[in-house]
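Quick note, the sequences are listed as chains V and X, same order.
For what it's worth, the numbering used here labels the leading residue of the first sequence as 230, then goes sequentially.
For what it's worth, the numbering used here labels the leading residue of the second sequence as 230, then goes sequentially.
Calculated from the structure, these hints are not laboratory results.
Any given hint could turn out to be false.
Identical copies go unnamed one by one, so any copy, or any two together, can satisfy a pair.
Derived DSBU-like pairs: lysine-lysine, alpha-carbon spacing no greater than 35 Å straight-line [unchecked claim]:
id	residue 1	residue 2
1	K627	K588
2	K280	K251
3	K588	K319
4	K384	K251
5	K319	K280
6	K627	K251
7	K280	K384
8	K627	K319
9	K280	K627
10	K627	K384
11	K251	K319
Small disclaimer: the values here were computed from a predicted structure and weren't measured.
Number of protein chains: 2
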Amino acid sequence: MSAAPLRLGLAGLGTVGIGVVKIVQAHADLIAARAGRPVTIAAVSARDRTKNRDADLSGYAWETDPVALARRPDIDVFVEVMGGHEGAAKSATEAALAAGKHVVTANKALLAHHGQALAEQAEAANLALRFEAAVAGGIPVIKALTEGLAGNRIKRVMGVMNGSCNYILTRMQAENLPYETVFEEARQLGYLEADPNLDVGGIDAGHKLSLLASIAFGTRVAFDAVELEGIGNVSIDDIRLAQDMGYRIKLLGVAQMTGRGLEQRMTPCLVPADSPLGQLQGGTNMVVLEGDSVGQIVLRGPGAGMGPTASAVMADVIDIARGCRLPTFGIPASQLAAAQPARAATPAPYYLRMTLLDKPGALARIATCLGDAGVSIDQMRQYGHQGANAPVLIVTHKAAPDDVAHAMTRFAATGVLVGEPVAIRIEEV
Amino acid sequence: MSAAPLRLGLAGLGTVGIGVVKIVQAHADLIAARAGRPVTIAAVSARDRTKNRDADLSGYAWETDPVALARRPDIDVFVEVMGGHEGAAKSATEAALAAGKHVVTANKALLAHHGQALAEQAEAANLALRFEAAVAGGIPVIKALTEGLAGNRIKRVMGVMNGSCNYILTRMQAENLPYETVFEEARQLGYLEADPNLDVGGIDAGHKLSLLASIAFGTRVAFDAVELEGIGNVSIDDIRLAQDMGYRIKLLGVAQMTGRGLEQRMTPCLVPADSPLGQLQGGTNMVVLEGDSVGQIVLRGPGAGMGPTASAVMADVIDIARGCRLPTFGIPASQLAAAQPARAATPAPYYLRMTLLDKPGALARIATCLGDAGVSIDQMRQYGHQGANAPVLIVTHKAAPDDVAHAMTRFAATGVLVGEPVAIRIEEV
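Produce the complete structure using the sequences and hints provided.
Here's what the structure looks like:
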């Protein structure tokens with residue numbers, strides 16, 4: 230065990246960067262004992278040196294340019310917590326690897342877009358490129374999947390991995406408020422990215438899912454193949470009615486490998502209200518890992534914030550200090566297979582909501598469309614009439630998504646529908 | 230990355246051992262890709278060679294004596310899944326370390342009693358001694374705590390870690406059955422150890438807690454200092470009445486370090502019914518880790534069984550194959566501090582149940598005892614009289630356990646009590 234310190238170059242002094250500084254300073258002895266050697270910060274970089282950052286940075290060399298930081302001879306590990314998947318984050322990460330530095334990053338977008346090339350570069354140079362903080366914040370899910378479940382063939386990975394979306398959905402439900410109102414609240418509270426579509430459009434969570442899928446199935450990261458649907462169209466009506474049927478609506482990521490290929494979805498789904506996923510409130514994240522030997526493992530914890538994200542960064546740093554090396558995505562990047570996206574998702578029950586004209590035979594026509602498409606009905610509820618119209622809820626038995634879509638297109642021709650029908654997948658958890 | 234296979238010597242061919250054989254055989258390619266080298270079984274040992282074990286063992290050398298297996302020159306890792314904390318398991322583990330073999334064990338009892346000496350022996354020889362499978366079955370909790378949360382000062386660790394006890398308690402609740410009936414059911418279903426007191430007496434779970442506490446707080450394993458109380462005295466009345474107050478009763482392990490010292494308890498506790506711990510049903514395990522940076526992480530999964538336990542064993546094996554080495558308890562065994570057991574537990578609310586004679590002033594006398602002891606009342610419920618007696622429930626505000634005990638001893642002198650009062654700690658989760 231070497232006593233030489235592991236020296237960090239910390240690029241980015243926002244919330245996460247300052248969180249890392251605080252842990253390194255507060256727990257120097259604890260970390261040295263656990264890592265077998267001291268972990269120190271040698272140099273930092275950020276754009277604005279004059280900003281007050283509520284941390285003592287006086288002992289660290291300063292670089293304005295993260296690329297210059299990445300190349301400094303006095304650092305061993307480049308810690309990238311700047312964010313952004315092009316520009317400085319990418320060029321500095323590449324420069325760090327080229328200069329023989331290990332890299333620890335919290336940057337899901339960078340890895341979702343450039344993970345393959347970066348992992349190949351790192352592995353060719355026998356360097357670590359690690360990203361525990363990029364997925365589900367403080368939850369050690371990359372470690373659980375890559376190491377803890379390494380003896381399993383992974384069957385499915387699921388997760389609620391964007392706290393802002395889960396906050397919005399659970400608050401809509403708790404307060405019976407429409408999406409737009411809660412979205413605006415969240416924006417004003419600073420819960421959303423500068424481009425809120427990264428959150429509510431499911432992009433951020435989709436990035437995370439694509440990284441988990443790569444590890445789970447030994448495939449190259451395929452973010453472009455993730456079926457993405459944000460929460461902007463989730464209505465308070467559906468939240469309320471789903472609840473009435475014993476379900477909750479979550480922005481749920483699902484990745485699974487089937488005979489049809491790799492499925493990756495980040496879409497609003499119904500899950501049973503009494504399941505761990507259904508019970509998840511507010512900004513907390515949850516990831517569900519299913520392996521052929523272990524069965525189902527559920528991990529729950531804070532998905533963002535200074536402390537949790539910095540905790541995950543430090544886990545990677547300490548692993549590097551301890552000398553643990555493994556490929557970025559669990560097997561060597563050169564061995565990752567190209568993902569073959571599934572043409573159609575695994576069959577699942579669907580929740581259908583529609584409003585029918587209140588005339589004889591209306592419901593029968595809808596039921597006929599479903600039957601003709603091969604979709605059978607598990608439950609149906611017709612609610613009290615609203616004027617001349619009748620809201621109808623249907624829960625189907627397991628059906629192929631294409632069959633459901635086919636039935637939906639035929640609804641229009643019946644002439645009994647008011648407005649657009651809604652279909653939401655019910656994920657069996 | 231070396232292509233030389235990592236060769237296992239597998240001691241014990243019970244459920245877990247056969248689970249390991251199945252994984253090694255079924256996933257040879259997957260494991261080789263993940264570990265960077267093949268993982269093979271070179272030799273096995275068990276007492277009875279003739280027993281039918283539902284696995285093809287023909288390719289493995291056979292030793293009747295696990296000590297002989299441990300010393301074989303053709304093994305790199307000794308996998309101990311025999312069980313028992315003295316005798317063969319201990320001597321074979323010592324022999325393996327003495328012969329320069331890494332050890333992976335599922336044996337909580339062995340480590341709870343001899344972990345310090347074994348870890349010192351392993352570390353002096355620069356060998357791995359790992360035990361993921363010993364705590365909470367398939368949940369990668371040792372990894373999460375030792376590695377995933379390595380940047381945190383750990384504040385508290387909690388867990389439901391004996392599936393049989395949780396099965397008994399949740400079934401008592403669901404079916405409104407007394408302890409004795411469900412205990413007998415569980416015994417006949419084979420859910421209990423040959424000595425059932427290992428399960429229902431809390432000993433098995435206490436072993437696990439003592440191992441987690443060592444890692445969490447950097448202290449030597451101190452199983453003898455665990456406050457142990459089994460579930461044998463949990464009555465269906467208390468389960469029902471606790472539920473009525475919004476709580477569930479769990480055999481809950483709690484380890485925390487305070488200014489008073491190290492607290493380790495494995496006792497029946499009340500937890501909020503809507504908390505993750507409260508919602509845990511059946512044989513599933515749950516561990517809650519609380520760190521100063523990360524906040525609260527909850528891990529849930531199967532705590533026993535062939536697949537889950539073998540999955541955990543293989544995680545350790547693959548880490549060793551990957552070359553990851555870290556001390557058994559997270560810091561070098563020689564640096565672990567002697568645990569200073571806390572003289573008294575952290576204050577907590579208490580649930581008190583008693584039956585009072587139905588006479589004027591009875592409740593006032595009880596309330597006076599509590600007040601005199603410095604225990605204040607948060608909620609009180611008096612239930613409908615049963616003949617001349619009145620069942621009374623009290624939930625206190627946070628109180629020192631000694632003060633509660635003091636009040637309880639004074640209850641007797643009031644002359645208004647029928648039978649023995651019950652006090653159960655409410656753990657704030």
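Next item on the list: Using 35 Å as the alpha carbon limit, work out where K588 and K319 are close: within a copy, between copies, both or neither.
Entry: Neither: 61 Å inside a copy, 79 Å across copies.
Next item on the list: If the cutoff is 35 Å on CA atoms, where do K384 and K251 land: within, between, both or neither? Let me know, please.
Entry: Intra 38 Å, inter 17 Å, cutoff 35 Å: inter-copy only.
Check: Is it within a copy, between copies, both, or neither that the alpha carbon of K627 lies no farther than 35 Å from that of K251?
Finding: between (50 Å within a copy, 32 Å between copies)
Next item on the list: State whether the alpha carbon distance between K280 and K384 is at most 35 Å within one copy, between copies, both, or neither.
Entry: between (47 Å within a copy, 33 Å between copies)
Next item on the list: If the cutoff is 35 Å on CA atoms, where do K251 and K319 land: within, between, both or neither? Let me know, please.
Entry: The answer is within: 25 Å in one copy meets 35 Å, while 43 Å across copies does not.
Next item on the list: Give the relationship of K280 and K251 under a CA distance limit of 35 Å: within one copy only, between copies only, both, or neither.
Entry: within (17 Å within a copy, 58 Å between copies)
Margin query: At most 35 Å between CA atoms: does that hold for K627 and K588 within a copy, between copies, both, or neither?
Written below: For K627 and K588, the Cα distance is within 35 Å only inside one copy (29 Å; across copies 62 Å).
Note to self: My question is about K319 and K280: at a cut-off of 35 Å on alpha-carbon distance, are they close within one copy, between copies, both, or neither?
What the structure shows: Within. Shortest intra-copy distance 24 Å satisfies the 35 Å Cα cut-off; inter-copy 59 Å does not.
Item checked: Alpha-carbon proximity between K627 and K384, which holds within one copy, between copies, both or neither at 35 Å -> within (19 Å within a copy, 45 Å between copies)
Next item on the list: State whether the alpha carbon distance between K280 and K627 is at most 35 Å within one copy, between copies, both, or neither.
Entry: Neither way: K280 and K627 sit 56 Å apart in one copy and 44 Å across, limit 35 Å.
Item checked: Homomeric proximity label, K627 with K319: Cα distance no greater than 35 Å -> neither (43 Å within a copy, 52 Å between copies)
Of the numbered hints stated above, those contradicted by the structure are hints 3, 8, 9, listed in ascending order.
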